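Since chain G is already given, all that's left is putting chain V on it; use the hints.
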Amino acid sequence: MLTSVKTLSTALGLALAATLAWAGPASAAKAPPPPSQNWSFEGVFGKFDRAAKQRGFQVYTEVCASCHGLRLMSYRNLSALGYTDDEIKAYAAQFEVQDGPDEFGEMFFRPAEPKDRFVEPFANAREAAAANGGAVPPDLTLMTKARKNGADYLYALLTGYRDEAPEGFELSDTQYYNDFYPGHAIAMAPPLWPDGVEYADGTPATVEQQARDLTTFLSWTAEPEMEERKSMGHAVILFILFFIVVAYFNKRRLWAQLH
Amino acid sequence: MSSTSPDPEFTGVVRWIDRRLPIFTMMHKEYKAFPVPKNLNYFWSFGALASITLIVMIATGIILAMQYQPNTALAFDSVERIMRDVNYGWLIRYIHMNGASMFFIVVYIHIFRGLYYGSYKEPRELLWILGVIILVLMMGAAFMGYVLPWGQMSLWGATVITNLFSAFPLVGEDLVTLLWGGFSVDNPTLNRFFALHYLLPFVILGVVVLHVAALHIPGSNNPTGIEPKGPQDTVNFHPFMTSKDMIGIGFYLLLFAALVFFAPNFLGHPDNYIPANPQVTPPHIVPEWYFLPYYAILRSFTDDWWVFLVVFSWWGVDAKLAGVLAMFGSLVVLALVPWLDTSRVKSARYRPIYKWAVALFVINFLILGWVGGKEAEEPYVTIAQLSTIYYFLHFLVFMPVIGWIERPKPLPSSISQSVLSPAE
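Same order as they appear, the protein sequences are chains G and V.
Taking this note's numbering as reference, the numbering of the first sequence is continuous, increasing by one, and the terminal residue is 265.
Taking this note's numbering as reference, the numbering of the second sequence is continuous, increasing by one, and the terminal residue is 967.
Next up, chain G with everything else stripped away, as it sits in the complex (with noise of 0.2 Å):
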């Protein structure tokens, strides 16, 4: 069925029978539905919570980073989380940037500035599938726009790890059980672990709590115009149905001549 292609005209073949051939059941096997969570952005009002958003981003630098960029981001995006210049700057400097060439005309390394986008943790896919086993780890910025169900899809999936392989499951050596995952066999260790990381403000970090952080950091990253978005559309959703009063009003007043 259709995985991945390595030829052209494979490629091509497999699109075809997509679209011209019924094709069997998906033998891939679906994963079920992601439990409904509630989240703190969810609906017409909902907000990020910040202090959601900056364990989040803790748990990203702490655990994801080594292997997933947000290479969409800005470092100066992080003002968003609440952080000073001071601290974002102090952020980006942790990181390298390869800039040039200088007047000599070589290329040089410095230290990464806010207006730097996030640096990647790997030069290219070809290092990051190699120092994964073959598999690339995907970029994170739109992970919960790119996913049906994003969020609920990203805590699930976190969370849906398996010690074991059900019985008659067949995993190769670098594949782990998870219930959320399609297909079930995915590539990433577990990533978060009972105090896998120390809270700064203190909140005690189970794997859930981690999760749930993390999931309201890349939502975040996936969408930083919602809350903007979200304000912006009260206010036009109130002048519309003004509007509509006054269109009413007037339609009625004109026809009334009519009759």
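All the pointers check out, no bait thrown in.
Derived pair list, reagent style DSBU-like, types lysine-lysine, alpha-carbon separation capped at 35 Å:
#	chain 1	residue 1	chain 2	residue 2
1	V	575	G	257
2	G	236	G	36
3	G	236	G	121
4	G	257	V	572
5	G	236	V	917
6	V	952	G	257
7	V	917	G	154
8	G	236	G	154
9	G	236	G	257
10	V	772	G	257
11	V	917	G	53
12	V	917	V	898
13	G	257	V	898
14	V	952	V	772
15	V	917	G	36
16	G	53	G	36
17	G	121	G	154
18	G	53	G	95
19	V	772	V	575
20	G	154	G	53
21	V	898	V	952
22	G	95	G	236
23	V	772	V	898
24	G	53	G	236
25	G	36	G	154
26	G	121	G	95
Calculated directly from the structure, the hints in this document are not laboratory data.
None of these values were measured; they are calculated from a predicted model.
Here is chain V on its own, set in the frame of chain G:
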């Protein structure tokens, strides 16, 4: 009360211009004094809503094009840059993205209105055909627009749909190479799709002008389907129809804003937030929701389907080509509706059988859309095939036959009479 059209008296600069280029006279004639039947219901606002959507799409599209990069290496990130770093870029982009959905919602209802009230019948056949041409052009524009963000569904949707053209005998393969500008969907494809995506809306605008011009010859149909018999049956377009349209526009904006501000990705597909990757095929390639009914028709044609065997296979057409022909045919039969409908009565209000046939057609169209989004497995295959049969039966059999056998209800003698003593 009735419509009146006193000749406008212009003075000063307006008069000077109008004597040389009578645009003010034209606007007065076509948008103020233009007589419309006084019994139009809110279904008649959808043409105006579609025009507004087109303008919104062109306006937001031009702004997006200033920031977008039609290059496979840059396209995805340039869209994300619009979302993140361009001032209100997220707003413009979400309006454009959901505007495509709003366009199809509005146009599908507009088409349904035409089907229900017989707006395609004499003297409005060309008006109807121009409308179908607009629909086809919209599909082209929407399809190519969806490719531009260069996500996974952009790439693979484009691959699947462009590959359809390879089904045509002799020229098929060359046609696909021409579409691609190479041997796969790649940078040249993205470049030409961007160019065409920028061009098509203006082509649509041109056909819309013709559509409106063709409308302003006979004037609007109306819920009775009886042509106005004099000024007592009509009102001036402005301020009467415009004041009514304003209410329609209000509710339209309400839905539009709800999508843009609170559920901007509800109608999209998550896979398109994954950058395009020719090495990884998404497990389930689906087009945007507004294409799903046609996609279901396309996929219905399998090697072992009896309709395919009976209608196509014996003259050397394979299942793939049959599906493509059926998909295009589904739009061709729509264009032929003025001649497929044999009834002399326009409005379904006075057509006791056809009324139900239209309702069933709409339900069937929704079912096609539903199965079009499902994976290719039972029972969806069978449902899609039955619905495909029904789609064509409706146009090719039910429409002519109902016109012959149906006994229409008595028509009111005029629009005014129907308003004073409604048939229902």
